[in-house]
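With the hints as a guide, bring the two chains together.
So the chains spell out like this:
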Amino acid sequence: MRALRLSSWAIVMACLLALLAAGQRAVFAIEAEMYPVPEKTHSGAGWTAIQYGLDGKVYVGTGNYGHSGHLVCFDPETKEWKDIIDAHQVTRENGTGLDSQGKFHAKPQVDADGVIWAGTLQAIVDVANRAENGEDATGYPGGHLFSYDPKTGVVRDHGILKKQQGIMGGAIDRERRRLYYWSYPKLHFLIYDIEANTLRDLGQLGGGPRYMAIDPKGRVFGMGRFGIFWMYDPETDRLYDLAVQVRGDGEHQEPYVIVMSADGERIFASAIQGEYVMEFDLKSIDLKAEVPGADGTIVCYNVCRSIPEPLKPGDQHAGALGKDGRYYYTNPAGGGTHLIRYDPQERAIEDLGVITIKGNPELNPTDAPQLAQGACVGTDGTLYMMFIQHKKLPYCVLVFDKLTAPKGEDE
Amino acid sequence: MKSMNHRMWGSVARFLLLAVLLCGRAAGALDTTDLKKVDLPFLPGERSVSQLVVAPDGKVYGTCIVSREQGPRLFRYDPQNGSLDSVGRLPDPLIQPEDLLGGAVTAWAWDPSWMGGYCLSDTGAMRFYKADGTEQELGQVAGTLAFAPTEYQVSKAIFFDAEGNVYTAGSGGAIYRYSPAEKKLEALGAWLPAVTGRESWASLDAAVLGPDGLVYGGTFDGYLFTFDPKTLEVVNLGKPLRQRRIQGLAFSKGKLYGIGGEDEGMPRAFAFDPKTRGFELGGLLRADTNGTDYPPTGIMKGEQGYIYEPIGAMVTDEQGNIYIGTTGRLGNLYVWEVEQSGQS
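In order, the protein sequences belong to chains A and Y. Each residue of the first sequence is one higher than the last, beginning at 327 in the numbering used here. Each residue of the second sequence is one higher than the last, beginning at 20 in the numbering used here.
Bear in mind the hints are in silico, worked out from the structure with no lab data behind them. In this text the structure is predicted, and so the values were computed from the model without any measurement. Treat the hints with care, since some could be wrong.
Result set (EDC-like, lysine to aspartate or glutamate): computed pairs, CA atoms no more than 20 Å apart in a straight line [as the list claims (entries may be wrong)]: (1) A/Lys489 - Y/Glu201; (2) A/Lys489 - Y/Glu281; (3) A/Lys489 - Y/Glu283; (4) Y/Lys258 - A/Asp462.
Sample of chain Y residues with no beta-carbon within 10 Å of chain A, all distances over it, derived [unchecked claim]: (5) Asp58; (6) Gly90; (7) Pro91; (8) Glu154; (9) Ala165; (10) Asp231; (11) Phe270; (12) Gly273; (13) Met285; (14) Phe298; (15) Glu328.
Note that CB positions come from ideal geometry on N, CA and C, so glycine has one too.
This is chain Y alone, in the form it adopts within the complex (with noise of 0.2 Å):
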């Protein structure tokens, strides 16, 4: 009887230990596992999304970058019927990316309007593209590495206020903002975290605006920072991860979703929220594992189904979904319905 008692309680006691567990990793996992795959119509090496926006008709527009010769590749995402479609041109008189790409570009953005776009050269100068083919150099942002007087370290991202002013960084990690009302490029006396000693490669990797008024945004250390763009107070959020790299953010339901890790590294998720002022952390993500790409037998298929490619661009549809477009030669569109996954 005593015997029976060790065992019933043993049961219950393993019961109940499984069960906290479970609990727990529901509770404190970042789910990226099941993202879904669409696949982009484009060759091999024309498949590198550098680029996402939604429309105002809330279907998601892509680009891949194939070479200058052969200018970009285009897309559009209906998130109502899941269809996509390969667009040759966006409907005129709205400015074509192959007119914002025409040299060199590190960073490149369509102005809230859509009629015009900003780019950040290779070398770090900003220049601003109008839809009738015209071409504004606005000054030199990015500045050099330390002893190192030719390697420019030039952000990767380029982002807006509410009022339209334009915003990235540059040397020695200084936020400008181009106001287009005044035709006035500056650095702000506003600087991105960076340790002592790293400054000069403190460039933006990605920003987003946020519900708040915030500009949150990712630097290439792997520091998350806010920016207010009234006040020009900088605040540092630290590093979600322990690798370098920020490659993209976007908003949804409210919590700040972002990748990072470095480019020859494995991106993995986390999130923020701004009435915790907490993270959690997420893994490395995953496609369509039920799906026939990855049959349980054929290991060799995409090895597991994991993304091995940094990412190109992410942003929010309406409904709160997240679009990933990762870069490289077999680069894709992915979704993140985050509420599915259980991260509302």
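The shape of chain A in the complex, shown without the other chains (with noise of 0.2 Å):
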């Protein structure tokens, strides 16, 4: 009898063995080490600025509601931070609450000589309460430009770019020595002219792309109006309004993060809670097709879902070109947030698992949305990603070293 106690217990111990293997293999993880932005330059969170400096350094714009935004330098090697710019200390401004040089939302932007561009945004990014704009010159000054040299430690401000509006979005073309943003929250297009320090405004884009995109022709890319993908031409000078053809499955769903290709192409795109991977196809704009409202078309393909089943797509809020030209994405489900990467050859994802935090797992990421916030990539692949305040997991930078370096450069 004794002997069959035993028995029927060593199976029900195998059986429970069984379902946790099982479980293992259902929720693999992916390792990240983790850096937290230096307390005293933020309030918990960041949004969309990350880049990679040409001097092998990580470049974040930091949020601190009601107070000075700042720009801080992260050093891979020393893996020490930073602080670059004080927004007030610079520009003398002393505003807060809603008018404080509060964030640093714009991604930053590399020229070609390694001078950092950033620019600045009103703390709170709420426009009904925000009766100033453009009206009293006592509410917020506008966002201002700034320019560092890593090689000189040099900051120089450029001064206010639009009366009283924040400055969002950004993309560089190093050719033709320009930047472009857009205004918050008229959400006019702007062209920064670095050599002459002249700013031209095209007028309003009808949507405010936190990403956007440029290609090697130097055009211009970004959400505007529902259902319309806008382009900038820099060598007829104009905006072009591109009503968007969806192929594929599912309905077309306004992307949030935007990445060029590798070959200069294509665009990849993610949608918050984006049922699929969006692959805009630059070779199929259409400037003679007629549509009422646009002034051309352009194919965007729902290539395939954006999180395996039977997870649910969370906020896709960030996102990258990996250095082997794959597109990595955060995606949060099933509670955590995972990783994915989407290749554009085989048009299929990998779900690369569920970010956790090296030595620390009590620091995970949930699937909460907008957790992350950014992303950029080195030149050795390694991934580096912006998460902001949540629970325990402090305002920060994951690195997932050499993760999109190509097949035989990631030993």
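Listed below in structure tokens is the structure:
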């Protein structure tokens, strides 16, 4: 009888172990090293603004609500942080609350000579309660454009681009020496000429893309009105509103993340809770197509599901092009934040696993929306992702060492 | 038991407070958060609405300025079925907008017969154009800004009285009248409201003829006033908004509705009731917040549906619906269904 009880116990234990093993296989993980952004430079968050410089350092724009936003930089070699720009200190402004230079939201841009360009945004993005936009001389003065030269350590304030409006988006044309932004909240397309230190305003875009993409021809892209992908062509010096023609399963979902492909012929895109990985085909742009209210059309392929079934897609807020030409993005689902890799050759995704913090699993990102806020890739293929503070996770940069390096270079 | 009573009375008090707050909001607020957007069929950059009129057939005609070379775009909106069409030309022999817009124009208006039109050039000269192509210079109206002898402060509005006389404002805020019958342009000795020292900024931003026979106007500095064409009396009604500029005015069901604010700022709505002589203050303009343009997760879509660009024109149809034309690269037509918003 005792032998029977023991054998039953053994069977139950075996079943439990088998279940545990199965569970472990289903919830696989990808580890990252975590480096918290220095506490005195933020109030727990930063948005979109992360970029890899030619000097091998990672530049991060912080959000410091009601106070001064900072541009900080992380050295992957020494693992140390350096405070580069304290917006209020440089501008000598002292606005508080709604009127502070509280964020560097625009993605920092890297010039051919290694100079970093960064712009500020008002602290709080709340149109209805920002009565002073363009109206009150004592309100938010407008976003400043800064440059930082890592070779000399000199920070320059190039002034306010648009009176009482913040600076958002960001793309650089190194050949033409131009920076592209849009103004918040009026959504105007801005062209800053680096040599001439002049600004042009080409008018409303109809949408405010946190990510902008630029192709090898210098054409700039972003999201406009619903169902519209806009393009600025420097050859014609014109903005074009392109009506999106969807191919593949499902309907068009407005992208949040857009990233230029390695060949410069496609733009990879992810929507907030987007069901599909999207590819905008730049060769499909047709400026002769007649669509009411639009200048032409562009084809967007809903290529494949953005996360393997049965998981449901979450808030896809951060993405970057890997050195291997694949598109890396986060997708929070099933209790954690998944890191996904899209292969444009295979036109398929690979779930790299749920992001876990090396040595500190209790800090692991959950599946809450908006945690991952930006991404960039180093020359060695290392992926850097900015996460905002949530539960025990501090506002930080997660480092995935050489994750995106082409095969053979990641050893 | 005592504790239960406390809880009960606490709940009642909270309910009453909520009810008072909700009622207060319903009674005082001017709701402009659910305007109906009517997409114009024109290309980006060709959609800046400069003029809206209601034709005798009840349809709303609008004009978008494109460029001097390309001429304006015309559209027609049918309030009966909500359709909007691009219109190549107005029916002959009416004057075409391009015949009015040959030069640099700051303000223009069809005359009541639609057979001619009046313009203010960007240097403030008043001209009359006929459908047969003839043009008549009526005289200089606008003055220049203080200490800026080449900067003309040109009014943006031209209005008519019931007799067909034409009015605008000019140098130093003077109200001018052109009498087609007498072929005479004159300063009337009536002046727009202005604080001392800012008279040269006192130009006419918007004007509309009220059902009481008075003209209701708004100035560059944001003052609202009435002007009696018979007695020439001007009454300053005050500033409905802290901002300068009155971008548009229209009457609906006995009340004056307006939109004001700086070009660089945000347009805001207000209303004036001639019976109570009181203002109702509104807020920002917002369109189709429940529509597909602004999904709840898509904060970047038009940044929450607010209208950021200045108003180019405003008019009321026979049902009292107010039409608002916005300017800029992506200008559009919006319908403010005043009655449905609870403002009757």
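Output the indices of the hints that this structure fails to meet, ascending. 1, 5, 13 and 15
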